[in-house]
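Novice: When the letters of the sequence shown are read in order and numbered with the working numbering, they come out as residues 114 to 361.
Fair warning: there could be bad hints in the mix.
[Unchecked claim] No farther apart than 25 Å at their CA atoms in a straight line, the calculated lysine-lysine pairs in the BS3-like style are these:
{"no.": "1", "residue 1": "Lys276", "residue 2": "Lys264"}
{"no.": "2", "residue 1": "Lys276", "residue 2": "Lys286"}
{"no.": "3", "residue 1": "Lys190", "residue 2": "Lys283"}
{"no.": "4", "residue 1": "Lys283", "residue 2": "Lys265"}
{"no.": "5", "residue 1": "Lys286", "residue 2": "Lys264"}
{"no.": "6", "residue 1": "Lys190", "residue 2": "Lys144"}
{"no.": "7", "residue 1": "Lys348", "residue 2": "Lys170"}
{"no.": "8", "residue 1": "Lys348", "residue 2": "Lys264"}
{"no.": "9", "residue 1": "Lys286", "residue 2": "Lys265"}
{"no.": "10", "residue 1": "Lys170", "residue 2": "Lys144"}
{"no.": "11", "residue 1": "Lys115", "residue 2": "Lys348"}
{"no.": "12", "residue 1": "Lys265", "residue 2": "Lys144"}
FYI, nobody ran anything at the bench for these hints, they're computed from the structure.
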Amino acid sequence: MKQIILAAGYATRLYPLTENTPKPLLPVGNKPMVEHVIENTAAVGTIDHTYVVTNNKFAGQFTDWLTGYEHTHPDFKGTIINDNTISNDDRLGAIGDLHLVLNQEDIHDDILVVAGDNLITGDLNEFGQCCSESQGPVLGVYDVGSHEEAKKYGVVTVDEAGKITGFEEKPPKPQSTLIGIALYYYPPPVIPEIFRYLEEGNNPDQPGRLIQWLYPNQPVQTALIPGQWLDIGSKETLETAKQLFADR
Numbered sequence: 114m115k116q117i118i119l120a121a122g123y124a125t126r127l128y129p130l131t132e133n134t135p136k137p138l139l140p141v142g143n144k145p146m147v148e149h150v151i152e153n154t155a156a157v158g159t160i161d162h163t164y165v166v167t168n169n170k171f172a173g174q175f176t177d178w179l180t181g182y183e184h185t186h187p188d189f190k191g192t193i194i195n196d197n198t199i200s201n202d203d204r205l206g207a208i209g210d211l212h213l214v215l216n217q218e219d220i221h222d223d224i225l226v227v228a229g230d231n232l233i234t235g236d237l238n239e240f241g242q243c244c245s246e247s248q249g250p251v252l253g254v255y256d257v258g259s260h261e262e263a264k265k266y267g268v269v270t271v272d273e274a275g276k277i278t279g280f281e282e283k284p285p286k287p288q289s290t291l292i293g294i295a296l297y298y299y300p301p302p303v304i305p306e307i308f309r310y311l312e313e314g315n316n317p318d319q320p321g322r323l324i325q326w327l328y329p330n331q332p333v334q335t336a337l338i339p340g341q342w343l344d345i346g347s348k349e350t351l352e353t354a355k356q357l358f359a360d361r
């Protein structure tokens, strides 16, 4: 399995913290955020290579980080992919970046796609088990506990077997409190569909839109993520994450 970590955003909402440092390399607890992500996803299955896709502004910092990380973690194999964008104005979008990695690296393997700022306190063993049993895509879902909170995210409805029956981005009246998070498993047959999604002119940003496009045409399984999930989009959630991971 190949892992693709999405880390090409500019995180302008966190300025000045992220003006000269990429968000996934901000320290949380005793290590950069991205290292917590890597430790979490290791439970999903055997990942033989990790690709971190970033932008031209931060590619050098990620390269320096990877050199140090591989030195202390000799079994880890990684590659930094520069999407050559320089600002929010010319960014490729999350799905555009995913397409870039798949195309440039000629990947035809199972892929695990995760945002570099998604922090989870629980383990991902059950998500990994779901991936190994599924014949199709798997989406990580999290219960935010209230319909009001769900309005901020991509809201998912599922059947008794956990397959997606509905997906709506930031709905004014959510049908559930389950949201899709930026954690996706795609088996090899889905890769051509990612290419087709973009060829048809669909939105290259917001990775959940790919799931929204996929599920009416093929079954998409969900797996409930345990523990606490944090999408680091503000200074407040960053401080919460630092407190949660302080002892790790």
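Novice: Now look at each hint and say whether the structure bears it out.
Specialist: Evaluated hints:
1. Lys276 / Lys264: With Cα atoms ~21 Å apart, Lys276 and Lys264 stay inside 25 Å; holds.
2. Lys276 / Lys286: The given pair, whose Cα atoms are some 21 Å apart, holds under the 25 Å limit.
3. Lys190 / Lys283: Since the Cα atoms of Lys190 and Lys283 sit roughly 36 Å apart, the hinted pair is violated (cutoff 25 Å).
4. Lys283 / Lys265: holds (5 Å)
5. Lys286 / Lys264: Given that 25 Å is the threshold and the Cα spacing comes to 7 Å, the pair holds.
6. Lys190 / Lys144: holds (19 Å)
7. Lys348 / Lys170: holds (21 Å)
8. Lys348 / Lys264: Given pair Lys348, Lys264 holds - Cα atoms ~20 Å apart, limit 25 Å.
9. Lys286 / Lys265: holds (11 Å)
10. Lys170 / Lys144: holds (21 Å)
11. Lys115 / Lys348: violated (31 Å)
12. Lys265 / Lys144: violated (28 Å)
When each numbered hint is compared with the structure, violations occur for hints 3, 11, 12.
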